[in-house]
Amino acid sequence: MLSAVNIHKRFGRLEVLKGVDLSVNKGDVVAIIGPSGSGKSTLLRCINLLEEADEGSLMIDGEYLFRVENGKIIYPEPAEKHRIRKKLGLVFQEFHLFPHLSVMQNLTLAPMQDENADKEAIEENCRNLLKKVGLLDKAKNYPFELSGGQKQRVAIARAMALNPEILCFDEPTSALDPELTGEVLRTIKQLAEEHMTMIVVTHEMGFAGEVAKEVVFMDDGVIVERGTPDEVLRNPSQQRTRDFMSKLLSI
Amino acid sequence: MKYFTDIDRLVSLLREMLSGTLVTLEVWALTLLFALPLGLLICQMRMSKNGFARGVARVYIFYFRGSPLMLQLLFMFFGVPIIVKNILSLFNPTPPAFTLDRTFAAILAFILNYAAYFAEIYRGGIQSIPRGQYEAAHVLGLSNKVTFFKIILPQVVKRIIPPIGNEVITLVKDTALVYVIALQDMLFKAKAAVNRDVSVMPFVIAAIFYLVMTGVLTHLLERIERKFDYYK
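Protein chains in written order, with my numbering: chain R, 1 to 251; chain P, 252 to 483.
Just chain P, with the same shape it has in the complex (with noise of 0.2 Å):
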């Protein structure tokens, strides 16, 4: 109870907690910007007639999707810099030190892991496009560019959009896992402050704080949807 009664104990809790909020925000802006056009490419990938191309993306995906993020967090910031060291030690017997910065490397593997997701979403809206409409632009002398860029990417973006829209609050969600790298997201920011002053009210701050965010995104996506709404 003694948030209530201690306004300035209120107030520099929440301002913590913000501060841990920045870090989940940087970390969940940042992992879209880069793995939303990653998992075009890896879509690209995994549907070219090249076989090895389709090969690297499958083992891409495999990974990506079948191992835990956390896992593949902390292999990031912990295995990567051992496996760099020993390469560099075949070169030079006394190797320089080699560490990831955290928030890179929290940020680097979200986006590795979220572009795998990201293609197969992709790669099932553009298989779900109708054969007859590739063949009507055909017949009509599209161009494959026009028949792409015209005809079949517009109705695969409205048919991503709830499933993409699912992954991006998935996200939010998923960065509370970066504290296995003790990177000091607001999850991370309210155990702390549940531990220091046993009380729960920090817990309870946190869900309101995800809840915001994830409520804010729901409106945003059902906004988008809606604008796509003058066709079925």
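Chain R with its partners taken away, still in its complex shape (with noise of 0.2 Å):
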């Protein structure tokens, strides 16, 4: 489904990724776990396109992309681009909702722009969507009005109006209030369950040990141990993953 290969990411003299692969297969969870500053977010910003990858290439369902040739990133031409760049949803910390739009605004928003949209079609799948993340009775309010939690449901019902094939989520939890997180971490789980294909960033290791189906430690920029919950966070085998495992339990 997705294929990353070698990835390579440099901010000036920094390099955050030094050659990172990651695969993930149809119906997967896959939860990248580490310590801050460590390129899980860099990652996912490379796949999603919001930074551009030294080196490296990304196949989504069989087809490139991006990959870099000679240090310069190829992309398919801009359609091709555009329309297998759809195939990626990405949720990110701080949410990102338009203030200015209502709650199915920020919906709509998106899949109206293709040309050939059915209109009323959109807004059933959205209301829909709105109705699976608990939040139908907000369509009409502003984002302002929504607390943590609901804005960050909202802004998963955001991604899934396009219908992605991978969602993507960059630590989903971690801009919420303790006693918020339960909701949207719900929330993830239901899409789970339903074989959404995810990449999960995160910090709540109780979650990814519950939902990932593959748990994926990375330092340094480089990804040190790959594995089921069980061995990853259970029993790693290496000592970077232990340190950090044992950092976490002792706080």
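Rather than coming from a laboratory, the hints here were simulated on the basis of the structure.
For glycine and all other residues, C-beta sits at the position ideal for the given N, C-alpha and C.
It is possible that some hints are incorrect.
Claimed, not checked - Listed next, the in silico SDA-like pairs over lysine to any residue satisfying Cα-Cα at most 25 Å (straight line):
#1 P/478 x R/141
#2 R/140 x P/424
#3 P/483 x R/135
#4 P/300 x R/73
#5 R/26 x P/265
#6 P/396 x R/115
#7 R/87 x P/424
#8 R/140 x P/384
#9 R/131 x P/482
#10 P/424 x P/353
#11 R/132 x R/81
#12 P/483 x R/175
#13 R/140 x P/353
#14 R/119 x P/403
#15 P/401 x R/49
#16 R/132 x R/145
#17 P/401 x R/112
#18 R/213 x R/71
#19 P/424 x P/298
#20 R/132 x R/190
#21 R/119 x P/395
#22 R/81 x P/424
Said to hold, decoys possible - Computed Cβ-Cβ distance ranges for the label pairs, DEER-style:
#23 P/481 x R/137: 17 to 27 Å
#24 R/134 x P/382: 23 to 33 Å
#25 P/307 x R/82: 33 to 43 Å
#26 R/5 x P/378: 30 to 40 Å
#27 P/483 x R/239: 41 to 51 Å
#28 R/128 x P/291: 34 to 44 Å
#29 R/124 x P/310: 26 to 36 Å
#30 P/382 x R/178: 21 to 31 Å
#31 R/248 x P/410: 53 to 63 Å
#32 P/378 x R/248: 32 to 42 Å
#33 P/481 x R/82: 26 to 36 Å
#34 R/116 x P/284: 33 to 43 Å
#35 R/70 x P/379: 33 to 43 Å
Once you've looked at the hints, go ahead and assemble the two chains, each given alone in its own frame, into the complex.
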């Protein structure tokens, strides 16, 4: 479904990603964990083209979204790039809802841009999505009227409104008060139960252990260890993973 | 006190001052009409990737924001014709007379000056929109055009209404500067009447006129701001 190979990313002289491979099968949930600054978010941003990788390639569904040749990033032609890119959705840590648009408009804006869009079908679909995240009654509200957890659920519904094949989450609960993380994690879990393919960068180890098929531990720009939640979270084989886990537990 | 006892005199004073008010309003309205879009163009240049365009915009803003508006008025009306004449004389030893219409010179100077301020207000507004808004638009596959017109611009408009409103009101009062090139605006007429009639009344009326104009604008601006109150 998704296969990223040898992704490198430098910011000036700082190499944030030092050759990362990631592959995700259809219907799987992959959790990426690791300390701050380990490159997890940068990896997600490279996959979503918010940053340009300096080396490597990314294939979605057997098609290249980009590959780097001789230090130059190569994309398919714009229309193709756009089509392949739309298979990816991204949910941000800080939600980034559009404050001037109602909840419903936040969802419908992007799908409506398609010139062949069936307006009513889109609205119907978006209503269903809002229902699914439990916020249909907030359809006419504006983002400032919602709690953090509600905002993030709207952001998830907004990403889903484009029917992505892979949904990425960049620390979806890190900007939330502790009592609000549950509702967002439940929404993501619900998507997992429906076999949505997802890549989740998270600090919620319990959640990762419960929902992820595979857990990837990153540190210092490389993937240190990957495996089932049992392997990585409970019986890590690498010292660095063990150190990270014991730090979490000792708090 | 003679204005209170002699109604004809009061009426003729008011009529005189109203004709000055028309000049004031003309300068005000035409300045806004042209400076608001010109500011957008300069803002675009100021934020352009092209270093030359950026440089030109910086120098423009530096000059028009950094020197007195009164100097710019004087320069436009008295200085520009001299420069034009000197240039013409390079090609023609007896150049034709060249002067600028007072009203035209005044309005042109105001437009150029205010456009510099508007450009910086627009730039501030655009740069105040968080990066996350662009990133969200990007991952939703929105084109640059849709991102600008449907996501960025509406939020910029809300943010720049207060500073633009400030300029719009300041401009009402700044128009009084046109007296330096002897354009007969409202204050000019008031001053003439004060000198002629040895009464302070025309100044009082001028103050009232200005307050009415700025009061109406304040009210309008508040209403426009309220229109954008539906979100934060």
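Structure-based check of all given hints:
1. P/478 x R/141: Measuring from Cα to Cα gives roughly 16 Å; hence the hint holds.
2. R/140 x P/424: 43 Å, violated
3. P/483 x R/135: Holds - the C-alpha atoms of residue 135 of chain R and residue 483 of chain P are around 20 Å apart, at most 25 Å.
4. P/300 x R/73: At roughly 21 Å apart (the allowed maximum being 25 Å), residue 73 of chain R and residue 300 of chain P satisfy the hint.
5. R/26 x P/265: 81 Å, violated
6. P/396 x R/115: Holds, at about 15 Å.
7. R/87 x P/424: 57 Å, violated
8. R/140 x P/384: Cα-Cα ~20 Å, so holds.
9. R/131 x P/482: Holds - the C-alpha atoms of residue 482 of chain P and residue 131 of chain R are around 23 Å apart, at most 25 Å.
10. P/424 x P/353: 18 Å, holds
11. R/132 x R/81: Roughly 30 Å separates the two Cα atoms, so the pair is violated.
12. P/483 x R/175: 19 Å, holds
13. R/140 x P/353: With Cα atoms ~54 Å apart, residue 140 of chain R and residue 353 of chain P exceed 25 Å; violated.
14. R/119 x P/403: 23 Å, holds
15. P/401 x R/49: It holds: about 21 Å lies between the C-alpha atoms, which stays within 25 Å.
16. R/132 x R/145: 19 Å, holds
17. P/401 x R/112: 12 Å, holds
18. R/213 x R/71: 34 Å, violated
19. P/424 x P/298: Status violated; Cα separation ~30 Å.
20. R/132 x R/190: 9 Å, holds
21. R/119 x P/395: 22 Å, holds
22. R/81 x P/424: 54 Å, violated
23. P/481 x R/137: 17 to 27 Å: 18 Å, holds
24. R/134 x P/382: 23 to 33 Å: Distance hint for residue 134 of chain R, residue 382 of chain P holds at roughly 29 Å.
25. P/307 x R/82: 33 to 43 Å: Holds - the Cβ-Cβ distance for residue 307 of chain P and residue 82 of chain R, about 35 Å, lies within 33 to 43 Å.
26. R/5 x P/378: 30 to 40 Å: Cβ of residue 5 of chain R to Cβ of residue 378 of chain P: about 37 Å, so the range 30 to 40 Å holds.
27. P/483 x R/239: 41 to 51 Å: With Cβ atoms ~48 Å apart, the hint holds.
28. R/128 x P/291: 34 to 44 Å: Since residue 128 of chain R and residue 291 of chain P have Cβ atoms about 41 Å apart, the given range 34 to 44 Å holds.
29. R/124 x P/310: 26 to 36 Å: 55 Å, violated
30. P/382 x R/178: 21 to 31 Å: 27 Å, holds
31. R/248 x P/410: 53 to 63 Å: 41 Å, violated
32. P/378 x R/248: 32 to 42 Å: 39 Å, holds
33. P/481 x R/82: 26 to 36 Å: 32 Å, holds
34. R/116 x P/284: 33 to 43 Å: 40 Å, holds
35. R/70 x P/379: 33 to 43 Å: 39 Å, holds
In the structure shown, a violation is registered for the earlier hints numbered 2, 5, 7, 11, 13, 18, 19, 22, 29, 31, in ascending order.
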